[in-house]
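Trainee: One-letter residues, chain by chain:
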Amino acid sequence: MTGLITMDDLTNEEIIEILDDAEKLLPVAKGELYLPLLQGRILGNLFFEPSTRTRMSFETAMKRLGGDVVNLGDVKTSSVVKGETLFDTIQMVDGYTDIIAMRHPRQGAAQYAQDSARVPILNGGDGAGHHPTQTMLDLFTIRQAHGKLDGLKVILAGDLRYGRTVHSLSHALTRFNCELIFASPELLKMPSEIVSDLQSHGASIVETEDLYSMMNDADVVYMTRIQKERFSDEDEYAKVAGAYKLHAKHLADVKSGMIIMHPLPRVDEIHPSVDTTRHARYFEQAFNGVVARMALLCKLLGVTVPKDVKKAGGAL
Amino acid sequence: MSNEHSMRRVTAIRNGTVIDHIPQGQALTVLDMLGIDEKTSVPVSLVMNVPSKKMGSKDIIKVEDRELTQAELDRLALVAPDAHVAIIRAYTVAEKMIINLGDEVVNVVRCTMSNCITSNLREPLPHRLKVVSRDPLELRCHYCGRIQDLDELVKNVL
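Protein chains in written order, with the working numbering: chain A, 176 to 491; chain B, 8 to 165.
Be aware that a few hints might be false.
What the hints assert, rightly or not - So the derived label-pair ranges between C-beta atoms look like this:
| id | chain 1 | residue 1 | chain 2 | residue 2 | range |
| --- | --- | --- | --- | --- | --- |
| 1 | A | Ile380 | B | Val139 | 17 to 27 Å |
| 2 | B | Asp110 | A | Gly477 | 44 to 54 Å |
| 3 | B | Lys60 | A | Gly326 | 48 to 58 Å |
| 4 | A | Pro481 | B | Asp110 | 23 to 33 Å |
| 5 | B | Ser121 | A | Pro481 | 39 to 49 Å |
| 6 | B | Ala78 | A | Gly258 | 23 to 33 Å |
Keep in mind the hints are simulated off the structure, nothing from the lab.
Since we're looking at a predicted model, the values are computed, not measured.
For every residue, glycine included, the Cβ atom is placed at its ideal position computed from N, Cα and C.
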């Protein structure tokens with residue numbers, strides 16, 4: 176394995192191994208234990224698009240494991256504004272670091288970077304393409320709540336057209352035989368080529384605009400933000416903004432174990448009244464970004480996570 | 008109607024290229040992909056919808072005083088992978104060229120997805136489309152993974 180560009184780079188067995196490693200690393204992620212597995216290693220954070228959670232959780236993950244991080248920083252103050260190509264930037268950072276986490280506004284940028292880099296590339300989002308490290312933390316959160324991934328009924332709701340998190344996640348869930356419900360306004364439907372691709376892999380898919388009536392027998396409701404920045408036409412955005420506003424009152428008849436997830440940031444698609452219900456998992460999900468990325472960094476750098484982390488680690 | 012008869016619908020050429028067994032209706036697209044347009048000065052003959060034993064109906068193109076290059080053959084593979092290409096010199100077939108659609112089409116066309124990294128013209132990258140299926144032809148961008156719209160793709164010849 177070189178890098179992680181799409182979920183196709185991981186087998187189901189590897190996904191489970193990484194989730195198991197993430198589980199073991201929880202006390203390290205929480206700062207309860209010091210385990211410098213990546214001491215002396217440097218992560219290059221190349222975020223050509225704004226990011227809060229992904230960038231910070233990569234940085235936290237690396238530092239919790241004793242490694243260090245160098246950042247591209249604000250694109251506006253880097254060589255990128257001087258016209259440097261992505262190819263040249265990658266050649267430079269490739270020499271400075273042991274592994275690169277990257278987000279770029281164009282689809283395919285991560286694959287292009289991996290083709291010319293010596294070090295592994297972790298795709299932190301490429302345009303409306305893929306976001307596999309988000310998928311790993313999503314899978315971790317789902318398994319944490321349900322104890323399994325197989326056979327769950329999962330609703331993906333909101334912006335399914337441009338939402339890269341749901342593109343990657345739907346592929347992964349299909350591989351674990353989950354039943355998928357895509358709830359979105361017509362304008363933001365899951366791209367037909369993704370639906371066909373999933374169906375050719377045996378996915379059971381229902382597409383609907385009616386989120387609320389589908390929630391009662393779901394195990395997971397995965398909300399997403401309607402991404403204003405992906406619309407070139409303000410009027411088109413206005414037509415779909417606020418399509419779903421999940422409120423605690425919508426949860427009266429849902430399964431007791433059903434969880435609500437969101438890659439964050441949210442705008443108004445989840446009302447704060449949901450935050451205090453037993454179903455809300457989005458803040459734990461955001462935390463899980465650290466532990467999932469710790470496990471991924473170890474895997475891609477060829478570092479084995481010890482079976483007994485408590486025995487191997489020390490006090491802070 | 009015999010194949011020979013179909014070929015005689017236009018006169019034999021002294022030197023140049025004959026592209027036979029083009030799928031019916033694709034001849035104009037083939038001309039597009041070869042960059043043959045109103046500015047082309049050499050004589051070009053085009054026959055469409057002629058009967059063919061093998062294909063039912065087919066199109067044929069004859070281009071005088073021009074021999075197709077390998078790069079042009081690679082483009083042809085996208086619209087007429089089973090076409091027969093003959094180089095004519097002094098009224099005889101001097102060479103039969105093979106159209107070979109490999110596992111990947113490299114530096115022939117650009118991905119049709121507008122936000123793909125390949126649309127940044129400054130990046131020094133090879134344009135790579137993977138052949139997912141040959142019949143029907145299905146190509147996927149190596150970078151963004153987009154399955155290509157073949158009607159759009161012919162407009163993106165490099």
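Trainee: Which earlier hints can't be squared with this structure?
Mentor: Those not satisfied are hints 2, 4.
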